[in-house]
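S.K.: What follows is each chain in one-letter form.
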Amino acid sequence: MTKKNSKSKTEFVKPSFAKHYETTKPLSGAYAVSEAMRQIDPDVVAAYPITPQTPIVERFSQFVADGKVKTEFVPVESEHSAMSAVVGASAAGARAMTATSSVGLALMFEVVNAASGMRLPIVMPVVNRALSSPINIHCDHSDTMACRDAGWIQLYSENPQEAYEHTILAIRLAEHKDIQLPVMIAQDGFITSHAVENVSLLKDKVVRKFIGKRKPIHSLLLSKKPVTFGALELPDYFFETKRQQQYAMEMALKHYDNIAKELSELTGNNYPMFEQYRLGDAEAALIALNSSAGTIKKVVDEMRKEGKKVGLLKIRLFRPFNYSQVSTLLRKIPNIGVLDRSYSFGANPPVYSEILSALPSSKSNVFSFVYGLGGRELYESQIRETFEKLLKGKIKKGINHIGLRE
Amino acid sequence: MSSISKHRKEKKKGWKDIPIGGAITEQKTSLKNKTGSWRAIRPVLNPKKCTQCMMCVYYCPENSIHIDNDNPERGGIDLDYCKGCGLCANVCPVNAITMEEESVFGNKKGKNDKEK
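As given, the protein sequences belong to chains A and B, one line each in that order. For the first sequence, our numbering gives the first residue as 1, with consecutive numbering after it. For the second sequence, our numbering gives the first residue as 1, with consecutive numbering after it.
Excised from the complex, chain A in its bound form (with noise of 0.2 Å):
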């Protein structure tokens, strides 16, 4: 571990914070994920395997096997049945959760939605992998891209240790009485789910009362006060129930820094909606999420150490999007590059967009870059590249490609 930034996030945990840490292992993002399965102990799980998300749900399943949680553990034969079983457990007010990929979580589509619209704080790791077709098994952000209007919070995590503590986080940012939403954790296939990398685990009662239990506004086993859940609503009231949920996507917003801040109280990491990296002065920046995020780094810190202004800026909360914080940190660098890592054919991709929006009448170029598509990889030395290109400001508009032959 060279990397000045990961030091205090895998092999070492600062001082004083120990006293809330169980150990640090070696662990792959999917791994680290059933680990923290493991310590929030879910009421149910119900899952199906798909590659690269099966080892966290394989794990998990060990650990029902072996007597680790109490969860009750349902292997269905299919995506869409695993988020409808998650959705009944969920509204019967169980703490439940599930995980998935790419056409696992297209094939899930129909009741994701249904999901945020009953309101149900179903956690949900996704391992981003590319939609089909070609099919293809390897990283870029179409799957999760694909839901970003599908009415749940999504995070998005650079490396191992940032998943499992985003899974924790997830649980009390869904189950908040104001918020009520779903929560999807970002997590690169393969790059990051099957690299193996130290993680600092907390000690499982610390995440147990950091959790605490679930208290559910309705729920279908309270005889006393029944209620129906996922009844239809015509247009005399189906319009009041969706502004409900842009309203709880406001209250995320409102919350998610005191939840993060209790986490950070716990774990001695930060967690802010966005993170800067070297950006106070920077001339250039790069905008990205999940692991190209730490690839990222190193370049900065390498170009830093020659003099030149470049930094990061890496987006872990991309629904809800707080634009005006977003506005407020880029607004005085003069170069920005957006790194998408999948398409919205047609139009402006996904990161892009949003960062257009946020910054509509500032000085700053804002460039668009798509890369990585179907894993393919990002090299330092292409990252390097951009960066020259954004210090000189000699970048075309329009979409602009990375590591890809013309």
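If you're looking for bench data, these hints aren't it; they were derived computationally from the structure. Please read all numbers here as calculations on a predicted model, not as lab measurements. Backbone N, C-alpha and C fix where the C-beta goes; we use that ideal spot for every residue, glycine too. Just so you know, not all the hints are guaranteed correct.
Cβ pair distances, simulated, as ranges [claimed, not checked]: (1) GLU250(A) to ALA40(B): 38 to 46 Å; (2) LYS242(A) to ILE67(B): 42 to 50 Å; (3) VAL196(A) to GLN27(B): 16 to 24 Å; (4) THR98(B) to PRO75(A): 52 to 60 Å.
Result set (PhoX-like, lysine-lysine): computed pairs, CA atoms no more than 25 Å apart in a straight line [to be verified]: (5) LYS13(B) to LYS242(A); (6) LYS215(A) to LYS16(B); (7) LYS177(A) to LYS13(B); (8) LYS242(A) to LYS16(B).
Using the hints provided, position chain B relative to the given structure of chain A.
M.R.: The following block gives chain B in isolation, referenced to the frame of chain A:
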């Protein structure tokens, strides 16, 4: 004013005042949904032809044709919930029920129809 038009004019709650997620926390709310407003054609009974066979009572998918326990004869049609599907007219063995355009009645109920 009929109960259907009353229902239409009822003041509805805003988004801050309804349970989240479309949950229904009251009971028997289906009674408030007067599905009779969907009706385009209305069943009209000719009591002279009716033999009290009760076929229409059993076939009515909305349970809108009532039988009174004290007076076990075919009762009137509950127009608050009759959707005008016409099944009763279709199964009537003596053609005692005819389906007529709703527009000719305005908001009035027929003399054979039960007020609720």
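S.K.: For every hint, state whether the structure bears it out.
M.R.: Going through the hints against the structure:
1. GLU250(A) to ALA40(B): 38 to 46 Å: At 43 Å between Cβs, range holds.
2. LYS242(A) to ILE67(B): 42 to 50 Å: holds, 43 Å
3. VAL196(A) to GLN27(B): 16 to 24 Å: This hint is violated: roughly 55 Å between Cβ atoms.
4. THR98(B) to PRO75(A): 52 to 60 Å: holds, 57 Å
5. LYS13(B) to LYS242(A): At roughly 14 Å apart (the allowed maximum being 25 Å), LYS242(A) and LYS13(B) satisfy the hint.
6. LYS215(A) to LYS16(B): Measuring from Cα to Cα gives roughly 21 Å; hence the hint holds.
7. LYS177(A) to LYS13(B): Given that 25 Å is the threshold and the Cα spacing comes to 21 Å, the pair holds.
8. LYS242(A) to LYS16(B): Holds: LYS242(A) and LYS16(B) sit about 11 Å apart, inside 25 Å.
Checked against the numbered hints above, the structure violates only hint 3.
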